[in-house]
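Protein chains in written order, with this note's numbering: chain G, 8 to 321; chain R, 122 to 484.
Derived by calculation from the structure, the hints in this document are not laboratory data. Each residue gets a CB set at the ideal place from its N, CA and C atoms; glycine is no exception. One should not assume that every hint holds.
[Unchecked claim] Some chain G residues judged to face chain R by a derived CB distance under 7 Å, without partners named:
hint : residue
1    : P18
2    : R135
3    : R138
4    : S139
5    : E142
6    : R164
7    : E195
8    : R198
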Amino acid sequence: MATLTVPHAVPPVAEDCEQLRKAFQGWGTNEKLIITILAHRDAAQRRAIRRGYAEKYGEELLRALTDEIHGKFERAVILWTLDPSERDAELAYEEAKKFHPGARALVEIACTRTPAQLLAAKQAYHDRFKRSLEEDVAAHVTGDFRKLLVPLVSAYRYDGPEVNTSLAHSEAKILHAKIHDKAYSDDEIIRILSTRSKAQLLATFNNYNDQFSHPITKDLKADPKDEFLATLRAIIRCFTCPDRYYEKVIRLSLGGMGTDENALTRVITTRAEVDLKIIKEAYQKRNSVPLERAVAKDTTRDYEDILLALLGAE
Amino acid sequence: MQHLVGQASSNSSSAASASPVRLRPSPSSRRDQQHRERDAPAAAMADEHQELARAFSGMGGLGVDEAAVVSAVGRWRRQPEKRTQFRRSFPGFFTATSGGGGVMERCEDEYVRQLEAEFARFKDAAVLWAMHPWERDARWAHHVLHKAHPPAVLVEVACTRAADDLLGARRAYHALYHRSLEEDVAYRVRDASAALLVGLVSAYRYEGTRVSEELAKEEAKALAAAVKSASATGAKLVQNDLVVRVLATRSKPQLRATFRIYKELNGKTLEEDFAGELCLQEAVKCLDSPARYFGELINGAFKDGADKQAKAALTRVVVSRSEADMEEIKDAYAKQFGAKLTDAVAKNAHGHYKDALLAMIGK
């Protein structure tokens, strides 16, 4: 369930463009106006606004935004305004270029999007960066992470409900055996995680639990500092419980000293039109505090305003 | 059409020759026999057998001359003794057995299979031609995986189709088989080439023309180093991470630049340096010069002793490339084999199958 709120009477595109232009003009920027408009329009409407703005004023809306606003607020607004597939391409590009083991954007894009959405992201990547996503991931990520991530982003999984239960049984066994031998980056584990359909994987993980009396993620906690294991767990959780997965990302980004704004922005802008409401409920359940309150406590000014707007507050 | 002539005469003289059952008997003995027969009063009979043999000349050729078969059927109607003599004169394909109070000439199983394959060749071509290209590719890939044939067809489909067509084939695979192509490849290919094949079929390459010469140089150098170290240690390059990464992810224009620079730096082409690793050579050929690859496949179907896979390649290539790069294939074929493709097909194929191929190849 989305948290995005769009007014009942949406102003015509021309008016939105005019208002945005006004927000940029003169000294300073009317950030509140930017949020009032952009943070309350869905993807199709935002696309229309971008098109209308470029036609009317001969300049890209996104370019105007980067000139006028800065920092965390700018990143949130830009990411939000982009189309979902362009947004995924942008996030993937940033992460592939500067990959570090704890990074999660690629995993999220590969595992929480539908196969068609992942494909759209890869097409947007071609258009924007004149290379394929797989090329860049393969070229900049090394070692076991590359072995895992390249197939993961290259996959075009079957999207339907058909499941082969005996295959689920045998592959659960294979996974268990490899994990037991601590062969975490074994070809078989990677093959199963990166090629099987979502329905088949869920059946496999359920079967694992049936056969071995505990979830597969429990067996992947041998070393709390092992980032590869953490990535495997992230992949599995993205398939089995995306709402709790995202809740944890947000919780970790808000908790402790400081705030991981990149992660917070990423989750909120990518899920606001998808299932942020369910993630909010998971957050409330886990932390006994509404997500809006936690965000308001840890963020300030315009950045806080746009996040709250996307969370459906106000 | 020499083999047609040969078959008729050798079969007529079979009992004496006692040669092992072969589908393509040697030319010289055939010609001698034929001359001897010509002189005998049974010359007319030999001619008729020859004609019928020509009609069934799927043995060694490609396809069946349907018109000749129909004409023979008409002429020998209500003349079972003619058909019996025909069977007797074809000992390579019919053997005498006695059962139930009389001698009968039964078909050799191999002959029946061959005949079925040759009669079906036109049907296969027609059915494939009518299918959507994506469904064709999906079905070929599935067939290769499930009958455990060599993976050359997978390499061909993955590397010679445009990015969106490969994607379409993968989509068609979902619809037909309820699994993804990469799933099945990863699951069924268990030899050294698995990583390369999964990478190739999963690729969604950038299709634009932008090429980085610097990157091509860097990767050409890295490939040269990998080749050198592999020849020193005897490791298989098809499992080399760098080789797989470059071949499976880079765009085709980028790869062609890399191959060109590789040759400039090392004197030999990457294809030559991949000697002994067929899968890699096929991938490089398909990515770099598909027209030449297809020309070689077609030529392989015409050779003596071409097996079922090689012959099926002819239908597959002509049907799938007829509207793609057939002109380039014709040029490459003429350049490499010194003959026009249309002439070679007209010579080696028969009947409706031949006509269908020629129609798809065009002038």
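Comparing the hints with the structure gives:
At a threshold of 7 Å, the smallest CB-CB gap from P18 (chain G) to chain R is about 38 Å, leaving the interface hint violated. Interface hint status for R135 (chain G): violated, as the beta-carbon distance to the closest one in chain R is roughly 11 Å, over 7 Å. The closest approach between the C-beta of R138 (chain G) and any C-beta of chain R is roughly 5 Å, which is under the 7 Å cut-off, so the hint is satisfied. The beta carbon of S139 (chain G) comes within 5 Å of a beta carbon in chain R, closer than 7 Å, and the hint placing it at the interface holds.
Hint status for E142 (chain G) relative to chain R: holds, with the closest Cβ pair at about 4 Å, below 7 Å. A distance limit of 7 Å between C-beta atoms decides the matter here; for R164 (chain G) the minimum to chain R is near 5 Å, and the interface restraint holds. Because the closest C-beta pair between E195 (chain G) and chain R is about 9 Å apart, greater than 7 Å, the hint is violated. The beta carbon of R198 (chain G) is positioned within 7 Å of a beta carbon in chain R (closest approach about 4 Å), and the interface hint is therefore held.
Of the hints listed earlier, those the structure fails to meet are numbers 1, 2 and 7, in rising order.
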